[in-house]
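S.K.: Kindly produce the complete structure, drawing on both the sequences and the hints.
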Amino acid sequence: MRLALDLSASARTLSHPNPSVGCVLLAPDGQPIGQGHTQAPGGPHAEIMALRDAAARGHSVAGATAYVAKPDIDQLVETVHTLLAEQECAAEA
Numbered sequence: 000m001r002l003a004l005d006l007s008a009s010a011r012t013l014s015h016p017n018p019s020v021g022c023v024l025l026a027p028d029g030q031p032i033g034q035g036h037t038q039a040p041g042g043p044h045a046e047i048m049a050l051r052d053a054a055a056r057g058h059s060v061a062g063a064t065a066y067v068a069k070p071d072i073d074q075l076v077e078t079v080h081t082l083l084a085e086q087e088c089a090a091e092a
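Once you know that position 55 of the sequence shown is 54 in numbering that gives the first Met the number 0, the rest is easy, because the numbers rise by one and skip nothing.
To be clear, the hints were calculated from the coordinates, so they are not data collected in a lab.
Be aware that one or more of the hints could be misleading.
Okay, the calculated beta carbon distance ranges per label pair [as the list claims (entries may be wrong)]:
1) 40 x 64: 26 to 32 Å
2) 83 x 54: 50 to 56 Å
3) 59 x 11: 27 to 33 Å
4) 8 x 89: 28 to 34 Å
5) 38 x 1: 39 to 45 Å
6) 54 x 1: 21 to 27 Å
7) 60 x 38: 18 to 24 Å
8) 2 x 86: 48 to 54 Å
Note that the Cβ used here is the ideal one computed from N, Cα and C, for glycine as well.
M.R.: Pasting the structure below:
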C-alpha cells in the first residue's frame with residue numbers, strides 16, 4: 000500500500016484537477032507485477048496504467064490483487080482515527 004500511496008503522490012501535479020491515484024498489482028505470491036498512477040486529464044487511470052505495466056513486463060494478472068490509493072482519502076481516514084482516539088482519551092480523563 001505504501002508504494003501505491005507514493006505513486007499517487009508523484010501524480011499530484013500531473014493529474015490536476017483530477018485526483019491523484021496510485022495502483023500496485025500483486026501476484027498471488029505477493030510479488031509486485033505492475034504499477035501505475037493517474038495520468039494527465041483525459042489520460043488513463045492508475046489501474047489501467049498498472050495493467051499496462053504488468054503486460055509490458057510479461058506478467059499475467061490472473062489472480063492478482065490491486066492495491067489502489069488516493070492520498071486525500073487516506074489522509075481523511077487518518078485524521079478521523081486521530082480525532083476518535085483523542086475523544087476516547089478525553090472521555091477516560
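S.K.: If a hint holds in the structure, say so; if it does not, say that too.
M.R.: So, going through the hints one by one against the coordinates:
The beta-carbon spacing between residue 40 and residue 64, approximately 28 Å, falls within the hinted interval of 26 to 32 Å. Distance hint check for residue 83 and residue 54: the Cβ-Cβ separation is about 42 Å, which falls outside the suggested range of 50 to 56 Å. Look at residue 59 against residue 11: about 31 Å separates their beta carbons, and that is inside 27 to 33 Å. Range check, residue 8 to residue 89: about 32 Å between beta-carbon atoms, so the 28 to 34 Å window is met.
For residue 38 paired with residue 1, a C-beta distance near 21 Å fails the hint of 39 to 45 Å. For residue 54 paired with residue 1, a C-beta distance near 24 Å keeps the hint of 21 to 27 Å intact. Evaluation of the 18 to 24 Å hint for residue 60 and residue 38 yields a pass: the beta carbon distance comes to about 19 Å. Separation of residue 2 from residue 86 is about 32 Å and departs from the stated range, judged on CB atoms against 48 to 54 Å.
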